[in-house]
Amino acid sequence: MTTNARSTLLGAILLLAGVIGFALLPGFVGGYGLSMAINFLMFAILATAWAMFSGPSGYVSLATVAFFGIGAYTVAVLGEQLPWGAVLLLSAAIAFLVALLVGLSTLRLRGVYFVIFSFGLAELIRQVVNWYESTQAGSVGRYVFLDITQEQIVWQLTAVLALLFIVGWLIERSRVGFALRMIGDDETVALHCGVNITLIKVLVFSLSAAFMALVGAIVAPRWTYLDPSIAFNPNISFQVLIMALLGGARRLYGPLLGVIPMVLLFEYLSSSFPQLFSILLGITFLAIVYMVPHGVAGLIEGYVQRYRERFPGRRAGENLQKESAL
Amino acid sequence: MLELRNVSAAYGQHLALQGIDLQVRVGEMVVMLGANGAGKSTLLSVISGQVPARSGSEVQLEGIDLLGLPPHEVVEAGIALVPEGRGIFGAMTVRENLLLGAYPKRARAAERRSLERVMTLFPKLEERLGQVAGTMSGGEQQMVAIGRALMSAPRLLLLDEPSLGLSPLMAGELFKALERIREIEVSVLFVEQNARKSLAIADRGYLIENGAVVGEGTAEGLLADDAVQQAYLGLAKSA
Amino acid sequence: MTTSTALLAVSDVTRRFGSLRAVDGLSFDVAAGEIVGLLGPNGSGKTTMMNLVSGALKPDAGTIRLAGHDIAGLPANRIACHGIARTFQLVRVLPSMNCLDNVKAGLGFGAQPTWGAAADSKAEALLERVGMAHRRLTLGKELTYMDQKRLELARALALQPRLLLLDEWLAGLNPSELVEAIELLRKVRGEGVTMVMVEHVMDAIRSLCDRCVIMNAGVKIAEGTPAEALAEPEVVRAYLGDDAHA
Amino acid sequence: MAFLDALLNGLTLGGMYALVAMGLTLQYGVARIMNLSYGEFLIAAAFSAYWLFQVQAINPLLALLLVVPVAFGANWLIYQLMLHPLVRRSRDRGELEVNSILATFGLLFVIQGLVLLLFGSNYFSYTYISNVFMIAGSPIAADRLLAVGVAVVLGTALYLLLVRTRPGTALRAVSVDPRAAQLAGIDVRAASAMAFALGGGLVAASGVLVSMFTTFNASMGVVFTMKALIVVIMGGAGHLLGALAAGLILGLVESFVAVYVAPGLTLAATFTLFLLVLLIRPTGMMGRAGA
Amino acid sequence: VALSLPAMADDLPESIRIGYAVSDTGPYAGGAGTTITPNYKLWVEEVNQAGGIRVGDRQLPIEVVAYDDRSSSEEAVRAVERLINQDEVHFVLPPWGTALNLAVAPVLHRAGYPHLAVTAVSDRQQDLMDRWPRLFFFLSTSSHYAEGIVTMLEELRESGEIEGRVAMVNVADQFGIELANAARALLQEADFDVVYSQSYPPGTQDMQGIINSARQRDPEAFLAFSYPPETIAITDQAQTLGFNPPLFYTAVGTAFPLFKNRFGDNVEGVLGIGGVDTDSEVMVDYIERHTEMTGQAPDLWASAPTYASLQVLQQAIERAGSIDHEQVVAEMENGTFDTVLGEITLEGRAYWEGWQVGQWQDGVFRAIGPSDREGAAEIVLPKPDWR
Ligand SMILES: Nc1ncnc2c1ncn2[C@@H]1O[C@H](COP(=O)(O)OP(=O)(O)OP(=O)(O)O)[C@@H](O)[C@H]1O
Ligand SMILES: Nc1ncnc2c1ncn2[C@@H]1O[C@H](COP(=O)(O)OP(=O)(O)OP(=O)(O)O)[C@@H](O)[C@H]1O
Ligand SMILES: [Mg+2]
Ligand SMILES: [Mg+2]
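Chains A, B, C, D and E, in that order, are what the protein sequence lines are.
Per our numbering, residue 675 is the first one in the first sequence, and the count goes up by one each step.
Per our numbering, residue 128 is the first one in the second sequence, and the count goes up by one each step.
Per our numbering, residue 27 is the first one in the third sequence, and the count goes up by one each step.
Per our numbering, residue 255 is the first one in the fourth sequence, and the count goes up by one each step.
Per our numbering, residue 30 is the first one in the fifth sequence, and the count goes up by one each step.
Simulated from the structure, these hints should not be mistaken for lab results.
None of the values given here were measured: they were computed from a predicted structure.
For each residue, glycine too, the CB sits at the ideal point set by N, CA and C.
Just to be clear, a hint being listed does not mean it is correct.
Listed next, with one range per pair, are the computed distances between beta-carbon atoms [as the list claims (entries may be wrong)]:
(1) B:T262 / A:S946: 54 to 62 Å
(2) C:S202 / B:A137: 23 to 31 Å
(3) E:S226 / A:L820: 33 to 41 Å
(4) E:T374 / A:P948: 33 to 41 Å
(5) B:R239 / D:T410: 25 to 33 Å
Model the full assembly from the supplied sequences, consistent with the hints where possible.
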């Protein structure tokens, strides 16, 4: 069996185990455990979806919360009128369309210009929603009274994460994923190789946006009350970016490796040192940045490579590439 | 004046230079010939402080150790490099590029004089002082790069494939300019693919292969050498 | 004039950068199977012309026909699918991908895309052909300049182009490497690939090109066989200089 | 009347934006550090000014003389100790950007945490100058005018420094191409540290000035970081004059929209303008094409 | 399912664990740091100094578990879940603001905890109380506050002090909009001439445009339904631009100590939400204690109700003689409590008697509306010139 097929199988087994684990979780843990699970799943999906586009393409987006918020608002506006499944689909569809428009308009931007543009865009959406709600809808806050239990939220998020991994895996091994990596390396070359870079970028960007919206839609009922500054809180974009970069955005499983320690770290510090939370978080974070220079995925791959080098019988590092976190 | 002894350097696992010995004497013009990937650029990078050498290597300029100095201090010591790809400030004017060349302390006092010298060497630059360097043609950019290096009042000039990408006319002018540089008492160590032309103006030459010196001699001696003719002048003879 | 045998027909093409006319009403034809050299002093507009043909830039005026189709102004990816491949004056490989993937980049998206196992074996063969088989798993950014150029050629060939544009692909080779490289290009031409090459190495031009187009300041100043064109006094004055005869 | 009011207001507001963004053009443009903790430094300076004024009775203008050098030194140290290792380990600009985003994100929390520890999470505000000038019948607050004045003076001084002096030209050279700068004999590390520290001094100055007329609390840093980033990017990264112009334009737009359209749309309008500028000029107003 | 902790009188814990998660960081930190946190600290300290809360025949000290919700709904929800499940606190004190109180309400409801949503203000109060039967409100609805100021304007018009030109602005968030909508409707109904009415987005830093526009319409009353940073900015810029209408009203933050620190004597005559009855000795005493212990004066709107809610909790526990949630809630619903607000009841699970309008008079933010209530001071009109 090739290394490739072996790691695919391993991935599939891990995914299945993860799904079963989360599906059974509500039977074993209380409200707080579920809450942690939701927090973890939420960032896992957001960061993985983020990295699905931004990792290979190198387009660092700070618009995550725009799509998350769109999902949340879809629920706030339509949650009580439509069946839940339809609401979820609709939220994903709206985010997909918005991302399509955004993607088409931002093609010429690169590097930090794209980063800040995407941030500005998320803020613009927030301002527009705010303006619309206050002048047209007559009230800025919205109440989301849906009887969805914590368990259901966990199950739904688990399903979305599983779906995302499958989609991400399919993209990664398809020509679309390959083209996206080419775009990340050199757009001009990609273009001259016949890649329709517009199509590829917009497609994957929109797809990742749809997943982000699903997260927003699923967790919105948990917060009961929504307003634009809650639904479009830019901190979400920043946290997702940081977690994905920390884990390693070049691998499908990379962001997950960043989400786990970060969620635990945030939780540990905020529960054990609430007064010193900020300072300790900052210091720990700096320590990680300096001691894990290529992200957690890079760290792990480094180990794997050293292992393989020590046992060269196993086709040393066939599929491994040294690389940075992004 | 420049003395390299047993210089080795590596990129990660890959050993790019292994035990190079090389000298440039005062006022001399020395050329390095060698296939692609032989390690010529790496050698110039080591001298200029951009790539670290392995322990055991020695690089001295008139008895002063250069290894371990950061690039800007190497410039301060009197060595200027014109790298592959020219390394000029594309977004700045020719004048700014040249004046930046005189940034090292050793060069400041003589700034005006150096500028005049560069102008006489490359009269074309005088007309273009206000032009943004990035919009100039390849050959003119090469002049800016050399001019800037000369502004640092160097005792030794390192040039990495200066004629690359230049039209025959420009390349010819460049070689002429190089000969003139010698007149102003600057030693030159340069890398060239055009062996015939470079040996014509050089005093001595080194042949580099796989990171090691495989031959050296006077320019006339090398031009006459059979092995050199085959490896570096081969096509020129047949055509 | 567009003749029916011309694979590439460039007529009256102009491209401006601000007030500068980098290419100014240029016309020339390239017949199928030919190797045409595009020469001229630095800054005369050669690379710009290549960019116009490959779609990296759009012309302000004029037409560019490939086998009768007007491709002027099409996006580069469409032009690539029409069968034009190129290399770049400042080498461009995909830095974080290995050589195999670099070649697969050329295979996967052209006119006849190949993917999967077939692509793998084709990529290996192409690497073999440009003498890079031993580097198959090295990352693009770790290659020497020359190896990067080889890789670029392999990637361009992977597109199975009808027309190959080479922008100073031979620059920086020493004479013996030049012999090898010219041999390689001859073989490629033998497989029916038409080429336009920008080059300052006269030896290569003389031994490879069927015809030359010589530009200065965006306009054509001479055209013909290398011997003819390079003998024109205007060309000697603007491009070759006196000692080219030496 | 309304027009003049809006114009003056826009100019003072824009002056403040330009002032706030100036340090970042140096830190990002020259030292290539995408500093997410930028606003935290501003807030820290604002708190210092508050403390000096309320507790030590040192007026904010004198405080500038204290706070700015301290900030300069602190930022110089931060560059040398924290950021330089990142510069060394990053292979290209993109990687350095990612690394500096991560590191300064950590720094953001540390500084915010320290301010929280010292001052708590409350809003702070104080009055130093409350004079009002009349310009052609339109009132304008002295403290704001002062901030704009300082922005103009600092901006001009900085511009002259960068364009007219040798060290300034060296800084610009580093921002254009650090590798080539090394070859020109410029100590890139020292120059970057200097640029970062100068940026730190500038942001501290703007923090002190802004504290005279805004209400602030420990959590507000990110607001200023984002504003500064938008101004810098809109102007074209590394372009001092671009940042000045972008700041003024944003201020004017905000002011005129508030008066002639609706105050509810001011932020939407500034973001729209920002996005439009980038769509038309992808590298900012003064950015180089194809850079 | 209500999971109230089994708490028989005979197996009482050693101490009463009280948990809260409030915003120490993020956009809500300013409000929480002014209004909520100091009161929690003050109360805990006072109770523990006195030996603790009396449950049955024992004095139980209070043990505190405190977290930072970082102004995020998700964090707030999880922090409360952590308090309940991990730390097993006996009572949870509420976070700051409407949004976070609504976010944690379902959690507290599911776990059967009483929820004293002091700083939540919503027009859907009744609806929410129906949904969550252990939810209590301490500040009135937004419309109630709007009514307060509009009624005052009507009285002034009747007494001939103003004719009726009103300019108003509001922050475009839930509270601001509810206030503005209610006020606008009431003003129209009462036939006032609303010469300017605009909203601005939360986070707006510059108010000069708004002040200029309002000034040019020469209103007699200027109402700003604003939040603390903008309240400061509006007042500041009104001074700068010499905008001094006879009646100048800014909402949240006017009653903060910050406001007085910032503007000194210039606060004279400014109206705002809240206010205190300076004749009330308990209140005066509370303000002193608060200032002494926490180093800052209280917010003169929501601080006292916050403190009062804690007194209610304490007294309810003492009367129930138990920390059983159902018993405590029953006491709260039915009892009369002795607090810094005076004797209060929580009939219908809400305290309706708070002051609606206050005015800075002689350096004190005195309650002036409803004007017919005992303890209300006379309004001073027109406000004196800015200095
Ligand atoms: N940055 C780098 N990382 C890894 N390996 C490198 C790097 N730069 C050069 N090398 C390797 O070092 C060896 C010597 O390269 P060098 O650039 O010095 O050759 P050169 O003689 O200048 O060749 P050329 O004529 O192509 O410029 C080559 O094998 C090359 O692959
Ligand atoms: N993107 C651009 N913006 C502005 N000017 C440009 C641009 N690209 C090319 N030019 C200018 O157009 C002219 C032609 O450039 P081009 O690169 O085509 O020259 P070339 O013939 O390829 O020269 P060389 O032999 O040096 O490569 C030059 O003067 C160049 O400065
Ligand atoms: Mg080289
Ligand atoms: Mg060219």
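For this session: Mind checking the hinted window 25 to 33 Å against the Cβ distance between R239 (chain B) and T410 (chain D)?
Result: At 28 Å between Cβs, range holds.
Exercise. Can the suggested window of 54 to 62 Å be confirmed for the beta-carbon pair T262 (chain B) and S946 (chain A)?
Worked result: Hint holds: Cβ distance 60 Å, inside 54 to 62 Å.
Problem set entry | Pairwise beta carbon distance, T374 (chain E) to P948 (chain A), judged against the given window 33 to 41 Å | Hint holds: Cβ distance 35 Å, inside 33 to 41 Å.
Exercise. Is 33 to 41 Å a correct range for the gap between the Cβ atoms of S226 (chain E) and L820 (chain A)?
Worked result: 34 Å, holds
Exercise. How does the Cβ-Cβ distance of S202 (chain C) and A137 (chain B) compare with 23 to 31 Å: does it lie in that range?
Worked result: Holds, at about 27 Å.
Checked against the numbered hints given earlier, this structure breaks none of them.
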